Amino acid sequence: MPPPLPSERSETSFADFKPAYTPGQASMEANRCLFCNDAPCIAACPTGIDIPGFIRKIATGNLRGSARSIFDANILGMSCARVCPVEVLCVGDCVYHHMGVPPIQIGKLQRHATDVAYGEGWRFFEAGPDTGKSIGLVGAGPASLAAAHELRRLGHACAVYERRSVLGGLNTTGVAPYKMRGDRSLSEVAWILRIGGVAIETGVRVPDDVSWDELSSRHDALFIGLGLGADRLLDLPGSDLQGVGGAVAWIEAMKLGAVDLSGVQSAVVLGGGNTAIDAVRELTGLGIPKTTMVYRRTEARMSGYAHEWAAAKQQGIAAAWARQPIAYEGDGGRVAGVRCVHLDDDAQAVEGSGHVIPADLVLLAIGQARLADVVSGLDGVAIEDGRLVVDEHGATGRPGVYAGGDCANGGKEVVNAAAEGKAAARAIDTWLDGKE
Amino acid sequence: MPDLTTNCAGIVSPNPFWLASAPPTNSGEQVMRAFDAGWGGAVWKTLGQPIQNVSSRFGAIRWKGMAGVGFNNIELITDRPLEANFREIAEVKQRYPKHAVIVSLMVETQDEWKDIIKRSIDAGADGIELNFGCPHGMCERGMGSAVGQEPLVNERITSWAVEYSTVPVLVKLTPNVDDILPHGRAAQAGGAHGVSLINTIKSVIGVDIDTFVPQPVVGGQSTNGGYCGAAVRPIALHMVAALARDPDFNIPISGIGGITNWRDAVEFMLLGSTSVQVCTEVMLRGYRIVEDMIEGLETWMDDKGFAKTDDFVGRAVPSYQEWGDLDLNFELIAKIDAATCIGCQLCMVACHDGAHQCIHPNPDGSRVPIVDEPECVGCNLCEIVCPVPECITMVEVDNGYAPATWNQHVGQGAPLRPKKGSHD
Chain A
1 MPPPLPSERS ETSFADFKPA YTPGQASMEA NRCLFCNDAP CIAACPTGID
51 IPGFIRKIAT GNLRGSARSI FDANILGMSC ARVCPVEVLC VGDCVYHHMG
101 VPPIQIGKLQ RHATDVAYGE GWRFFEAGPD TGKSIGLVGA GPASLAAAHE
151 LRRLGHACAV YERRSVLGGL NTTGVAPYKM RGDRSLSEVA WILRIGGVAI
201 ETGVRVPDDV SWDELSSRHD ALFIGLGLGA DRLLDLPGSD LQGVGGAVAW
251 IEAMKLGAVD LSGVQSAVVL GGGNTAIDAV RELTGLGIPK TTMVYRRTEA
301 RMSGYAHEWA AAKQQGIAAA WARQPIAYEG DGGRVAGVRC VHLDDDAQAV
351 EGSGHVIPAD LVLLAIGQAR LADVVSGLDG VAIEDGRLVV DEHGATGRPG
401 VYAGGDCANG GKEVVNAAAE GKAAARAIDT WLDGKE
Chain B
1 MPDLTTNCAG IVSPNPFWLA SAPPTNSGEQ VMRAFDAGWG GAVWKTLGQP
51 IQNVSSRFGA IRWKGMAGVG FNNIELITDR PLEANFREIA EVKQRYPKHA
101 VIVSLMVETQ DEWKDIIKRS IDAGADGIEL NFGCPHGMCE RGMGSAVGQE
151 PLVNERITSW AVEYSTVPVL VKLTPNVDDI LPHGRAAQAG GAHGVSLINT
201 IKSVIGVDID TFVPQPVVGG QSTNGGYCGA AVRPIALHMV AALARDPDFN
251 IPISGIGGIT NWRDAVEFML LGSTSVQVCT EVMLRGYRIV EDMIEGLETW
301 MDDKGFAKTD DFVGRAVPSY QEWGDLDLNF ELIAKIDAAT CIGCQLCMVA
351 CHDGAHQCIH PNPDGSRVPI VDEPECVGCN LCEIVCPVPE CITMVEVDNG
401 YAPATWNQHV GQGAPLRPKK GSHD
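Order-wise, the sequence lines are chains A and B.
One point on numbering: in the working numbering, the residue at position 301 of the first sequence is 301, and numbering is uninterrupted.
One point on numbering: in the working numbering, the residue at position 245 of the second sequence is 245, and numbering is uninterrupted.
Relax, there's no trap hidden among the hints.
Calculated pairs, BS3-like style, for lysine-lysine (alpha carbon to alpha carbon, straight line, at most 27 angstroms):
#1 B/Lys98 with B/Lys308
#2 B/Lys64 with A/Lys18
#3 B/Lys308 with B/Lys93
#4 A/Lys313 with A/Lys290
#5 A/Lys290 with A/Lys18
#6 A/Lys108 with B/Lys64
These aren't lab readings, by the way, just hints derived from the structure by calculation.
In this text the structure is predicted, and so the values were computed from the model without any measurement.
Given the sequences, and given the hints that come with them, work out the whole structure.
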């Protein structure tokens, strides 16, 4: 296993945004669940967890069964309980909404059951009888981990190739620390790998260090779970000023180590998605007195979740809407502000609207590069709009090569990656069966 | 404002709400606080020969995270000195002359009954309640339910008490019998002025599944206790009603068993209880619950136009009939209000698995189920499981058939409507 994270990390100063339930609180909440038939919350979960079932088991004190139900559907149930946008998934579809009654806090209940399972060290799944087959998985994020675990349950050997030194993908390097810290993600990785039979190779970049041909010859099938690429940046005057960088890279640095924020009095995050909201909340949490989210559209059109932005606003975070950055302004080689213009309703610059928003730190959260070139040497794997093209089972156009997670879906939730990885594992199993 | 003054078997209290003989009436200090809170009467914790109690004593059923829907105890009668009890009874009566203090008694011999009744009345008791109901501990010594289960013994001891007492005598009946009627009639035959029922039901409240010992646990062992709390109310209501509708039973009833609020009290009174007694809910929530009981009863009486409690005591008795006299041609069907339905489909599961398979998924894809009305037997199950008030209603259908009971059908060949829900 790779070494643990350093203890000195900027993320460790964050407390949980949603505190854990006590057993009594969990019992009270679990007992409110109506135990719906064909429950809408299940349909809203990409991994299809039997939510009323696991909640009833909490209510009856069958916590082991509850955790088993969760993990059976989604082996990343612990992290999903923390990072899922439940407001727009399971909780959002709770029938109590139609009654004007607060919905069941499914995420917190799932966290309760899965935390107890981790704390008690319960073990639920064994590897299946050895099939003699081997699957190579590229990337060690949620999609690959979910795929590997399912493949092991089906008896296939697995090898994971990860370019970083840490495992877990964005769960380790990207999740807002007030939802989950990196060390907890690593504990999940260890939990998953406990099924055994998953070889881990870190510091391996595909195809630079190991070619696709080599991987294809080593394994009977491949799963690609590469995630997304580096932050997209803007080619503006002053781009080379110190203090201008990508948000995903900064978040990773903050989670894996300590970031130096000395002298930073104000920060600007460019973007209106969930990464932008995470970044402004994290900067504020780390003590930056003034952090502004600068977005080219209006609040109503931001792509970040309304509940996330509402939480940011509650922290006193402001946004500058309908602004187009046109230059970074500097002071002695270091950024001091972002020059912006207002955009009108047609997204056209308003004449004479130029102004500078002061910032000692500017993070760009305007998307991540897609990884098209990484798989360019893999004949039959199609790229569309920067994503690997897959069918509903995760199969690419090349027999035996499957993909899932952000590299295939363009950037969704951990729970989507978990669902896609598991589905691909089953499809690989079926495909291998058919070959014989 | 309606008048709640109650006269139950000659015992007068400012309202019909009495504390039952139990831990809440264990001492004068408690009873006085209860009267301050609004209770109209108190049946003092049973007095008798000295006993020793165990530790622990209580157990409860948890339902949806809350304890106490069912409750049981293995506590015996008072373990305080008789002298202290009588001194406190006298003090309470001196300070609360308008409230009713009924003293519950349980002794063995005729002389003991004579002595303890005299001392109770000397202390100021407004009434005597003979504890013929306790189903744990004391019954093993020939008292409590051991008396209540034997009509002849019941009648004999009752007659002693009536002879020795100058105040009304209530006989507290045990539900641990197959038919309550002979026992109520025995009390009446012995001269009792009224009966109170039910006492607790013989029970094992639970088992500790880690230590394999039933509850409540006393040093690695347990014994049966007396079951009470909201869960016993249907049993109590039945027994009260059975006596109330018995033409040979004509003395007042003080109703007991799972009363938690004014609604429960009204139900007991509608089935023939003149006063009601409460214990478990007070043990779980305190004397303060009586404030809502009084206010709720007054408001309900105002709404119904009742000036005094006698105006409605027993009003539900005439409609309590034998099954054979129910109209088999009366027909209900379930109606689901799509506007308020939240789509939980609990009705559909319940109907499919537990009733007559007549609620189905909506063919239009909506989550609001549909009722197959030609098959709906009108059982109420869907309405019971629906979490939304008024969403499912049971609506009467005019099927064109004249009313016909089973007795009329068998006796006179009255025509019955076709059966529904049999999926032939």
